[in-house]
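If you read the sequence shown in UniProt numbering, its first letter stands for residue 1, the second for the next number, and so on.
Wrong hints could be hidden among the right ones.
Computed beta-carbon distance windows for the label pairs [what the hints assert, rightly or not]:
1) His44 x Pro173: 31 to 39 Å
2) Gly187 x Glu70: 25 to 33 Å
3) Pro173 x Arg92: 22 to 30 Å
4) Gly79 x Leu164: 20 to 28 Å
5) Asp171 x Ala101: 16 to 24 Å
Keep in mind that the hints were calculated from the coordinates and are not lab data.
Nothing here was measured: the structure is a model prediction, and the numbers come from that model.
Ideal Cβ positions, reconstructed from N, Cα and C, are used throughout, including at glycine.
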Amino acid sequence: MHPALLILLLLTLSPQRATAEESPDTCTYTTYRWSVPLKRAVDHHTVRLAYADLRPEEVDAATGCSVCEEDQRWIEVAGLPPIRLCRKLAPRIEATLERLAESGVPLNSLTGYRVGMTRGPTDAEGLRTVFSNHSFGVALDVNAELNGLYDRCIDFGPDCRLLLGGRWQPDAPGGMSANGAAVMALGEAGLRWGGEIAGRQKDFMHFSPSGY
């Protein structure tokens, strides 16, 4: 083999090159915090830092995806506005959504990466302290207008309170149900459905590795 070709091959296969491609040098994200007393987002700001300086809370422990824009990839499905998801999940989720659309499953709206502290305990000012799964690009909302987020909802019924999105319509085209094509296909792709999570909330539009 020609020496120049051998050097090129070694560079291509070297661990140092792979690591550099897997980890960006910089991290940028725009975020906010959810105020429980005010019931709205506050403290909008942009963060810029070296990727190597990320704090543990800025990285999803289950997937290794971070809050950084540099870790996200754009996907576009069914003529909808493009969204971003973590680069580690984006290819298989995009392929799954494309198969669903091709099979005739209605995809009316999608939401992916958006950074905000909307979970966890509150601080002294009533502000949430934990990043949502959307913040890491590992959560996906599908057809929110037919699959709302509810609280007071250990089991779905008349006492459940709609917080976000539209009234849950599991039998409507685009509605989510446990045996529906979208829930099953995204489950095979590694995402659990928020309509089956334990606790006081049911998030029928929502999919993530944990369901939360």
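So, going through the hints one by one against the coordinates:
no.: 1; hint: His44 x Pro173: 31 to 39 Å; in the structure: 36 Å, holds
no.: 2; hint: Gly187 x Glu70: 25 to 33 Å; in the structure: 29 Å, holds
no.: 3; hint: Pro173 x Arg92: 22 to 30 Å; in the structure: 25 Å, holds
no.: 4; hint: Gly79 x Leu164: 20 to 28 Å; in the structure: 24 Å, holds
no.: 5; hint: Asp171 x Ala101: 16 to 24 Å; in the structure: 20 Å, holds
When each numbered hint is compared with the structure, no violation occurs for any of them.
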